[in-house]
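Student: Residue numbers (the working numbering), protein chains in the order written: chain P, 1 to 169; chain Z, 1 to 169.
Note that these hints are calculated values from the structure, not bench results.
Careful: at least some of the hints might be erroneous.
Identical copies go unnamed one by one, so any copy, or any two together, can satisfy a pair.
[Said to hold, decoys possible] In silico lysine-lysine, BS3-like type, Cα no more than 30 Å apart, as pairs: (1) 140 with 159; (2) 7 with 159; (3) 147 with 7; (4) 14 with 112; (5) 159 with 26; (6) 147 with 108; (7) 140 with 108; (8) 159 with 112; (9) 140 with 14.
Small disclaimer: the values here were computed from a predicted structure and weren't measured.
2 protein chains.
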Amino acid sequence: MNRIVFKPIGIVEKGLPRLDKKKSNKTSRFLVESQIRVFDEYVEGLDGLEEYSHIIVIYHLHEAGEERVRVRPWGREEFPEVGVFATRFPWRPNPIGVCVVELVELDKPYIKVRGLDAWDGTPIIDIKPYTYHDIVRRPKIPWWAEKRWEELSQRWNYKEIVPWLGPYE
Amino acid sequence: MNRIVFKPIGIVEKGLPRLDKKKSNKTSRFLVESQIRVFDEYVEGLDGLEEYSHIIVIYHLHEAGEERVRVRPWGREEFPEVGVFATRFPWRPNPIGVCVVELVELDKPYIKVRGLDAWDGTPIIDIKPYTYHDIVRRPKIPWWAEKRWEELSQRWNYKEIVPWLGPYE
């Protein structure tokens, strides 16, 4: 079988805290400022990125467990088991993360962002600008994903902390 | 240097036509219905994907040329040269494509989509659902990207062909 080989172009130097699963005091990723360091040979590739308010970070979920084909979203009994490609669950055939984040500051070789769903030490594969072609105004999602969104947006007061995020009502 | 190794989970069986660069009769990717075939061992992973109206396709830009760090967007003289990470140009350090598309039909092992920016034979790395966390309502982009958007949306009449796409006015 063909293999596809990539190389890290940077690393998450400050990411989300690794929390004890038993603790419930998780924070929202949108309240955490993360720092990515881009390796010297690629820093020039960041020129002009500061013109964007948001970027897409693509990274290697390097601590993901063994791949699964079916999963139950967030392990919740009331949610249906679905295929892994119908979720953003990290233990997937290719453990790759794609995350839309707010660009807080470009201070080469550092990129400071808000909203990145990655731990310290995560290898960065690519950085892309978020453009108008990435916006679906009102996508359809399953009821359980809608429920999860409602819970999160209420718990963390998304209207206040991420007024730029989410579908138009 | 560490290497990150992925494997194809599918392939683009019908993609965008490869056009002669000299010809100007390019079509919009939103007018093309593409077909992805997911390999047998991963087909179960698609269960439930049909509940989404849009998905994110992640693929290997396997015919990209040698990586560049700086590029001039679409080779246009009036646009400034910028870093490759400030563009979606394919000749990047890791030739990986991320494309938001409309899910037309899930007919396992086939996924029919509209809007995929990939040619026949492109290896698929991952499929993710497009959710509310992927929506930035009104992102800021540079003037040249704004200009390009205006041109494309007028040329192809986006309001008609992709009413779901783009920022709210």
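Student: Compare the structure with each hint and give your call.
Tutor: Hint check:
For the homomeric pair residue 140 and residue 159, the shortest alpha-carbon distances inside one copy (20 Å) and between copies (19 Å) are both at most 30 Å. Taking identical chains as interchangeable, the C-alpha atoms of residue 7 and residue 159 are never at most 30 Å apart, the minima being 37 Å within one chain and 39 Å between chains. In this homomeric assembly, residue 147 and residue 7 never come within 30 Å of each other (Cα to Cα): the closest approach is 37 Å inside a single copy and 33 Å across copies. In this assembly of identical chains, residue 14 and residue 112 lie within 30 Å of each other by CA distance solely inside one copy; the values are 9 Å within and 39 Å between copies.
Proximity of residue 159 to residue 26 under the C-alpha cut-off of 30 Å is restricted to the intra-copy arrangement: shortest distance 19 Å within a copy versus 41 Å between copies. Within a single copy, residue 147 and residue 108 get their C-alpha atoms only as close as 39 Å, which misses the 30 Å cut-off; across copies the closest is 27 Å, which meets it. Only between protomers do residue 140 and residue 108 lie at most 30 Å apart by alpha-carbon distance; the minimum there is 20 Å, versus 38 Å within a single protomer. For the homomeric pair residue 159 and residue 112, the shortest alpha-carbon distance inside one copy (22 Å) is at most 30 Å, but the shortest distance between copies (35 Å) is not.
Proximity of residue 140 and residue 14 under a CA criterion of 30 Å is satisfied inter-copy only: 25 Å between copies versus 34 Å inside one chain copy.
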